[in-house]
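Listed in order, the protein sequences are those of chains A and B. Under our numbering, the first residue of the first sequence is numbered 93, with each subsequent residue one higher. Under our numbering, the first residue of the second sequence is numbered 444, with each subsequent residue one higher.
It should be emphasised that the hints constitute simulated quantities derived from the structure, not laboratory data. One or more hints might be untrue.
Said to hold, decoys possible - Across the chosen pairs, the derived CB separations fall in these ranges:
1. B:P451 with A:T120: 38 to 46 Å
2. A:D147 with B:T555: 19 to 27 Å
3. B:E495 with A:E108: 44 to 52 Å
4. A:K160 with B:M462: 16 to 24 Å
5. B:P504 with A:E100: 36 to 44 Å
To be verified - Below are the DMTMM-like pairs computed for lysine to aspartate or glutamate, each with C-alpha atoms no more than 25 Å apart in a straight line:
6. A:K148 with A:E168
7. A:K144 with B:D538
8. A:K160 with A:D147
9. A:K160 with A:E107
10. B:K452 with A:D147
11. B:K452 with A:D176
12. A:K169 with A:D146
13. A:K148 with B:D538
14. A:K144 with A:E134
15. A:K152 with A:E107
16. B:K500 with B:D469
17. A:K160 with A:E134
What the hints assert, rightly or not - Part of the chain B face toward chain A, derived, beta carbon under 7 Å:
18. L486
19. S542
20. F548
21. G551
Cβ coordinates follow ideal geometry from the N, Cα and C atoms, glycine included.
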Amino acid sequence: GNSVTQMEGPVTLSEEAFLTINCTYTATGYPSLFWYVQYPGEGLQLLLKATKADDKGSNKGFEATYRKETTSFHLEKGSVQVSDSAVYFCALSPLGQNFVFGPGTRLSVLP
Amino acid sequence: NAGVTQTPKFQVLKTGQSMTLQCAQDMNHNSMYWYRQDPGMGLRLIYYSASEGTTDKGEVPNGYNVSRLNKREFSLRLESAAPSQTSVYFCASSDGTASYYGYTFGSGTRLTVV
């Protein structure tokens with residue numbers, strides 16, 4: 093079946109540190125991959141996406157590359173800010189099926 | 444602003460009471476979804492509607508009913524609320540380009556059952 097695994101949180105970093113949140117998936121076919129962000133008290137917002145292997149999605153300084161050989165879509169940012177504190181969800185979109193979301197990773201950035 | 448609107452934002456119910464969570468989207472999307480979010484559990488799909496006039500069970504449908512009133516509106520009903528239904532509920536919508544554009548989420552309803 094289809095599934096998404098994310099690294100356990102919470103992740104706590106100091107401002108300007110490098111961020112990596114790991115995401116691996118299991119899926120049949122060639123799904124699209126997404127990262128969503130949820131700020132405190134809000135709904136999920138699309139952060140970035142990649143629709144085929146080797147694509148790199150990017151937005152607001154965040155990046156993730158669709159690696160089919162390792163079935164991964166790790167989220168990275170070179171220098172985090174306090175305002176990046178949020179919960180991050182990795183998700184996949186299997187062709188013709190509903191999205192599958194990971195459990196979420198809470199990030200706290202300290203000043 | 445275009446998007447998904449959920450009402451109410453907060454609600455406290457007593458065990459056994461009923462209520463309906465409302466969701467409306469103005470993006471002309473065909474598909475709509477109801478999720479619940481619980482600590483450590485991520486998002487779990489309760490029900491979805493692939494198109495107007497159809498509804499299907501998701502991962503955790505017990506204790507809930509839904510109505511796809513028209514293309515814009517998709518409501519979630521709790522007939523007899525239980526403390527286990529204390530959660531944050533999110534509505535989402537998508538169209539046939541979901542694999543490219545993703546889902547659009549509402550801001551959520553925080554429900555407490557006492």
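Take a quick look at whether K160 of chain A and E107 of chain A sit within 25 Å of each other, Cα to Cα.
-> Measuring from Cα to Cα gives roughly 32 Å; hence the hint is violated.
Holds or violated: is there a CB of chain A closer than 7 Å to the CB of F548 of chain B?
-> Where the cut-off is 7 Å and the nearest Cβ of chain A is about 4 Å from F548 of chain B, the hint holds.
Holds or violated: K152 of chain A with E107 of chain A, Cα cutoff 25 Å?
-> Distance of about 16 Å is within 25 Å: holds.
Could you see if the CB distance from D147 of chain A to T555 of chain B stays within 19 to 27 Å?
-> violated, 42 Å
Pairwise hint evaluation, E134 of chain A against K160 of chain A, where the allowed Cα distance is 25 Å at most = Given pair K160 of chain A, E134 of chain A is violated - Cα atoms ~32 Å apart, limit 25 Å.
Taking only the CA atoms, is the gap from K500 of chain B to D469 of chain B under or equal to 25 Å?
-> holds, 24 Å
25 Å Cα cutoff - pair K452 of chain B, D147 of chain A = Outside the cut-off at roughly 37 Å; violated.
Agreement of K148 of chain A and D538 of chain B with the hint, judged by alpha carbon distance not exceeding 25 Å | Holds, at roughly 23 Å.
Whether the CB-CB distance between E495 of chain B and E108 of chain A falls inside 44 to 52 Å = holds, 49 Å
Given G551 of chain B was flagged as interface, is its beta-carbon under 7 Å from a beta-carbon of chain A?
-> OK, holds: G551 of chain B within 7 Å of chain A, min 5 Å.
Verify the proposed pairing of K148 of chain A with E168 of chain A, using a straight-line Cα cut of 25 Å.
-> holds, 11 Å
Could you grab the alpha-carbon distance between K160 of chain A and D147 of chain A and see if it respects the 25 Å cut-off?
-> holds, 10 Å
Comparing the model with each earlier hint shows violations of hints 2, 4, 5, 9, 10, 14 and 17; every other hint is respected.
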